[in-house]
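Participant: Residues per chain are reported as follows:
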Amino acid sequence: DQQVKQNSPSLSVQEGRISILNCDYTNSMFDYFLWYKKYPAEGPTFLISISSIKDKNEDGRFTVFLNKSAKHLSLHIVPSQPGDSAVYFCAVTSQGGSEKLVFGKGTKLTVNP
Amino acid sequence: SAVISQKPSRDICQRGTSLTIQCQVDSQVTMMFWYRQQPGQSLTLIATANQGSEATYESGFVIDKFPISRPNLTFSTLTVSNMSPEDSSIYLCSGGGRYGYTFGSGTRLTVV
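These protein sequence lines are chains A and B, in that order. This note's numbering numbers the first residue of the first sequence as 1237 and each following residue consecutively. This note's numbering numbers the first residue of the second sequence as 23 and each following residue consecutively.
Read the hints as simulated data drawn from the structure, not as lab findings. Some hints here could point you the wrong way.
What the hints assert, rightly or not - Within a straight-line C-alpha distance of at most 27 Å, the following computed DSSO-like cross-link-like pairs (lysine-lysine) qualify:
no.	chain 1	residue 1	chain 2	residue 2
1	A	Lys1292	A	Lys1304
2	A	Lys1292	A	Lys1344
3	A	Lys1241	A	Lys1341
4	B	Lys87	B	Lys29
5	A	Lys1290	A	Lys1241
6	A	Lys1292	B	Lys87
7	A	Lys1290	A	Lys1307
8	A	Lys1292	A	Lys1336
9	A	Lys1304	B	Lys29
10	B	Lys87	A	Lys1307
11	A	Lys1241	A	Lys1307
12	A	Lys1341	B	Lys87
13	B	Lys29	A	Lys1344
14	A	Lys1304	A	Lys1290
15	A	Lys1336	A	Lys1304
Next comes chain B alone, as it looks inside the complex (with noise of 0.2 Å):
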């Protein structure tokens, strides 16, 4: 299965401000989607990143706060733009086909 090496691993970052992060698969995946998990919930999928066309959002996540982008089958970028606190949570890449899929392993983003 594929491996994905994601970063950064963690970051404290001001409000306002924007963070990207980096998705590297080691082999081309189909699919590669972005998740959000916040404490005590389950991993909620923000968007499957589209390669070479716009990312399709789920319902509430739009583009202008977490634009997504895949130039190619091994790397995709998500940004959180114009941060809050709300955003403050773990965010991971995952990659693969329907029969496996392979996560990264986490950003941890803390928003003061």
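With the rest of the complex left out, here is chain A (with noise of 0.2 Å):
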């Protein structure tokens, strides 16, 4: 049973476009998002989260989109650059919980020059 679901297991985008990476949630219980980034040999880097009193939140080229009713978030990169290709996670927290991290099985985006 799938707490978090990314159902995109890939995404190519052109330099310079936008790049949109999706994530779903089932638990209205989670209260903190967040978006990591990790390359091959590398553990996973935080790259930008969101709690849920937000519906926006941008940190430079990315920006990440919570839609509490429809349990959704999106993370937007603009513009996309080929250092940008890696495989993006989204992870989860739970209200009061003991803080642990559930994620997402992940988006591998390319971006191509």
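Assembling the complex is the task here: the two chains are given apart, and the hints tell you how they should meet.
Facilitator: Next comes the structure, spelled out in structure tokens:
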């Protein structure tokens, strides 16, 4: 029973265009949402996060949008760069819980020059 | 944010043997976790490493198979015991607090 779903295993975009990565979750008790980026042979690197009290958080080229009613979040990368090519994981934490993260399966983003 | 050094980065082990993976954090962190990432899968939480007490294991993971130590707030080990080829995976440690988790670089384990 997947609590966090990233339904697109891969995404390919052209350099300079927007990349949109999507994530759906099932439990309305989740209240903090994170995106991690992972290069091969490296551990995941924290990218950006959003609390359930917000619907948007922006950091440079990266913006995360949260739609609580739809239990959906997305990561927008604008403009996309070849160095953004990596696997992106969506992660969530539960309200008042032990602060452990639940991860999606990841989306492999390829940005073509 | 904290920096985590994890070792070994990779190993090839014989079935039936055990491997201990170490994680050292450059600062004290509240929480430390151990994850497994099997090919094509997401990161699956094995357990929460509790400082000075027994780890808290997730469903499907047991202490006899994955003993964990956390003697202080900057160090933890995970042992994969009596290994079988099904244990071949990437193992990752993570540390930090709710608003910032850092990961080690991972240990790629192959059991032959």
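Participant: Please verify whether Lys1292 of chain A and Lys1336 of chain A have alpha carbons no more than 27 Å apart.
Facilitator: Holds. Lys1292 of chain A to Lys1336 of chain A sits at ~23 Å (cutoff 27 Å).
Participant: Please verify whether Lys1336 of chain A and Lys1304 of chain A have alpha carbons no more than 27 Å apart.
Facilitator: 20 Å, holds
Participant: Is it true that the CA of Lys1341 of chain A sits at most 27 Å from the CA of Lys87 of chain B?
Facilitator: Within the cut-off at roughly 24 Å; holds.
Participant: Is the Cα-Cα distance between Lys1292 of chain A and Lys1304 of chain A 27 Å or less?
Facilitator: Distance of about 11 Å is within 27 Å: holds.
Participant: Are the Cα atoms of Lys1304 of chain A and Lys1290 of chain A separated by 27 Å or less?
Facilitator: 9 Å, holds
Participant: What's the verdict on Lys1241 of chain A and Lys1307 of chain A, does the C-alpha distance respect the 27 Å limit or exceed it?
Facilitator: Distance ~11 Å between Lys1241 of chain A and Lys1307 of chain A Cα, so the pair holds.
Participant: So if I understand the rule, the pair passes when the alpha-carbon distance is 27 Å or less; does Lys1292 of chain A with Lys87 of chain B pass?
Facilitator: 42 Å, violated
Participant: Just to be careful, I want the Cα atoms of Lys1241 of chain A and Lys1341 of chain A compared with a cutoff of 27 Å; is the pair within it?
Facilitator: 7 Å, holds
Participant: Holds or violated: are the alpha carbons of Lys87 of chain B and Lys1307 of chain A at most 27 Å from each other?
Facilitator: It is violated: about 36 Å lies between the C-alpha atoms, which goes past 27 Å.
Participant: Assess, step by step, whether the Cα of Lys1290 of chain A is no farther than 27 Å from the Cα of Lys1307 of chain A, and give holds or violated.
Facilitator: With Cα atoms ~13 Å apart, Lys1290 of chain A and Lys1307 of chain A stay inside 27 Å; holds.
Participant: Decide if the proposed pair is consistent with the structure: Lys87 of chain B and Lys29 of chain B, CA atoms, cutoff 27 Å inclusive.
Facilitator: Within the cut-off at roughly 19 Å; holds.
Participant: Lys29 of chain B and Lys1344 of chain A were given as a pair; does the straight-line alpha-carbon distance stay at or below 27 Å?
Facilitator: Given pair Lys29 of chain B, Lys1344 of chain A holds - Cα atoms ~26 Å apart, limit 27 Å.
Checked against the numbered hints given earlier, the structure breaks hints 6, 9, 10 and satisfies all the rest.
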